[in-house]
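Number of protein chains: 2
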Amino acid sequence: MNGGPVRLHAELEKRFVEIVGEKYALRLSEEIDPFVTEPRGLFGGVTSLVLRPGSVEEVSRILSLATETGTPIVPQGGNTGLVGGQMPDQSGGEVILSLSRLNRIREIDLESNTATVEAGVILEVLQKAADEQDRLFPLALASQGSCQIGGNLSSNAGGIGALAYGTARDLCLGVEVVLPTGEVLDDLRKLKKDNTGYDLKNLFVGGEGTLGVITAAVVKLYPKPRGRVMAWAGLGSPEDALKLLHMAGSAAGSELTAFELMHRRPLDFVLAHVPGAKPPLEGEHEWHVLMEISSGRSEEEASATMEAVLGEAFETERVADAVIAQNEGQAAELRHLRESMSEAQKPEGGSIKHDISVPVAAIPTFIAEAEAAIQEIVPGCRPVCFGHMGDGNLHYNVTQPEGMDKGAYLEHYRAMNAKVHAIVRRLGGSFSAEHGIGRLKREELIATQPPVATELMRRIKRAFDPAGIMNPGKVI
Amino acid sequence: MNGGPVRLHAELEKRFVEIVGEKYALRLSEEIDPFVTEPRGLFGGVTSLVLRPGSVEEVSRILSLATETGTPIVPQGGNTGLVGGQMPDQSGGEVILSLSRLNRIREIDLESNTATVEAGVILEVLQKAADEQDRLFPLALASQGSCQIGGNLSSNAGGIGALAYGTARDLCLGVEVVLPTGEVLDDLRKLKKDNTGYDLKNLFVGGEGTLGVITAAVVKLYPKPRGRVMAWAGLGSPEDALKLLHMAGSAAGSELTAFELMHRRPLDFVLAHVPGAKPPLEGEHEWHVLMEISSGRSEEEASATMEAVLGEAFETERVADAVIAQNEGQAAELRHLRESMSEAQKPEGGSIKHDISVPVAAIPTFIAEAEAAIQEIVPGCRPVCFGHMGDGNLHYNVTQPEGMDKGAYLEHYRAMNAKVHAIVRRLGGSFSAEHGIGRLKREELIATQPPVATELMRRIKRAFDPAGIMNPGKVI
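In order, the protein sequences belong to chains A and B. First residue of the first sequence: 1, per the UniProt record's numbering; consecutive thereafter. First residue of the second sequence: 1, per the UniProt record's numbering; consecutive thereafter.
Note that these hints are calculated values from the structure, not bench results. Certain hints may be false.
Copies of the same chain look alike in the list, so a pair counts if it works inside one copy or between any two.
[Said to hold, decoys possible] Pairs of lysine to aspartate or glutamate, EDC-like flavour, derived with a Cα cap of 16 Å: (1) 243 with 411; (2) 243 with 109; (3) 224 with 111; (4) 419 with 444; (5) 346 with 268; (6) 128 with 107; (7) 224 with 301; (8) 419 with 30; (9) 243 with 111; (10) 23 with 13; (11) 419 with 371; (12) 419 with 13; (13) 224 with 109; (14) 243 with 317; (15) 406 with 22.
Required output: the full structure, derived from the provided sequences and hints.
Dropping the structure here:
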């Protein structure tokens, strides 16, 4: 293309605008900017039009017109995604479809323990609505104050609660989807069992908006635990953490509701850069674990289980020191330390990121092999390793050596990714555990997955979106 | 077709036989009979060839040849399916592919809590292998002594344990699939989190062998509960059972591992027809519940929770009488009463069956409306209602009136199905909760689901199996 970004043809633009009305068709760059600027700043996109439909009917008309005219559509939720799935390309010819006005909680059904929510409902809003009804919606992410359910489902979000309650996919019972043709697939069922043909739902969940637009979903709610106890432990090694995980899993079973592993370094970064952050333990420890146990019966029972687990861990010398939060305030402080780890890396310079999973048992091997590999590429680089150990999922981010030029460091991004991901593959893991493929990992997906899988995914894409208008250039 | 069933062309038959060897290519009718006779006797099929491959490589060569020559293939596991999904048609031209020789447990990984098993492993064999390693594989069905994992996954089997642990779909982490072309998709991952593109796995799981052949899978194992307590309660109504379910769910959370609702009539049938069956309670009760609570910590804890639940239920007069099994023998007796209910209907004559699910809260409404509807069709017919209430899933079977001619009764099969399924649809339910579509419900699926869903399923079928050789006439 020459001469910079294109605008839509004026006549076409007018037809799209008419669907949502002038007020909800954003065309000024200051209005558009927040939709094309994403948290990492890696994926600047360009568009001349952001549509904010207020009903499923309007979404349907937008997609129908898009298919008719071959106009590419980029669905967007809270714009918190980390792989560029919600960003238009540089052409200017892609239209952003924001789901933020579809933000009604249509129903909370206390008998069936379900909520029927529209795509634009902010995660924290749903958490609070469930809480007010004495229920738990267990999906919990650092971005929960701004991310939206539609995006959570489209990217199959994970987070801390996935250990006990599963990912967004596991929490979803039914979906309402607008297909690229504008047809509406209403599959908003509240059923735990439904074997009626192929599982369409799980293609849209995790489909990153490339097969259709999720406009609403039925999600599971849970009884609110009557007791929750959080503890922070200092340990010597990932092997010790693995043993602790088994002790906790064995004693608490499905009541083990969080098990986060953190290296010393991300904690140091938090203590250095987050105002008010205090060390959770007195001594120095190479590794840390944040662990939560919930009880359906009582606080006392959760505490007793936690004490039994830590007692066994001390006796077997797997844990060097530990503290149990004595109240909700202390628990919130511990959780805040963990949740600040992504942000706290920024002041330390460039970061090369990996969102990987391996079989849980392979976590110590992965950490040892990855450390060796990255030091060969950039000696002195600083691994910032933390994540959802109970799920085998680590955010293995690597901060630049102190004093190195950021740009020079980031030139090693792909080389380091390649080395780390090769280790992941050898261990039977995934190079995209919970953040998705989006734009960031598309080439690598195609280059590394079995060609037969790529071919099947391409056929699915063509079967669902023959006009190729849905979020082009993402996933596959 | 004229002149009865066809045989394969001799030359083609020879090519198939060569792949598995003479010994494992069954061509005599006495050898073939067990593969074309199914438990209900509803779906007699005809074939001239049953292939029993001994390796994934042989499965691959069979499907490759089938695609090359347009030969329809019917994959079969333990031949326990209830909807005819494993049966060839009457033409004689379809070849049965039995997975029974792929029966190795390739690995039990205690650190990752996974088992990697071939399709032909019998469910009970896997349960026992897990148990010997102090683990639980929670899928449990009445047919577990003969059904196979490959069939369980292909039909997304449910069963009693689904309440706490999910259906076969939820228990499956990865699959190895031979595609219709013979290509092998190796996705045998042990990962709890993996967001790398579209969810192919969940198309094969529940795909009833129409998209490819699952040859192996990675399934989840769980820590074995240290205590399990079973109780039987007599109640006045489904409404009381719903209240009891909420009390149990609230007190036990995910430790509520079974909640089965049964009407008086199926229990009466068991007591009349199953040798040695004894009434679980002394008095007469219109409704019954079988309930299990498990504890990760101790038998005492499970007992205490069960006693608390029943105590609350007695106080609020939701339960009229109850017994707690005092040992494993008593628990097995209670379980046996429930598991005999399918068989015990047979001596009572013709049965019109429904495998339905509705939102849990709608169970009492469904039972009341269905009873009224069926009595209009055949006055005096006897509803035999039992099932997995915790999942909203009932086996709503309707036995003929006493003394009526069986054939005359069964002529009402479709009319009664239509009435009952209309109620299910109105309540937002599913007319195929856990048994699948197979041959039995294909027409009804196509007639009643939204046309856009049928169209998407057909496109998926064409995308995966363009030659149309995989289990034709099933699902879609």
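> Against which earlier hints does the structure fall short, listed by number upward?
Replying inline: When the structure is compared with the hints, numbers 1, 8, 12, 15 turn out to be violated.
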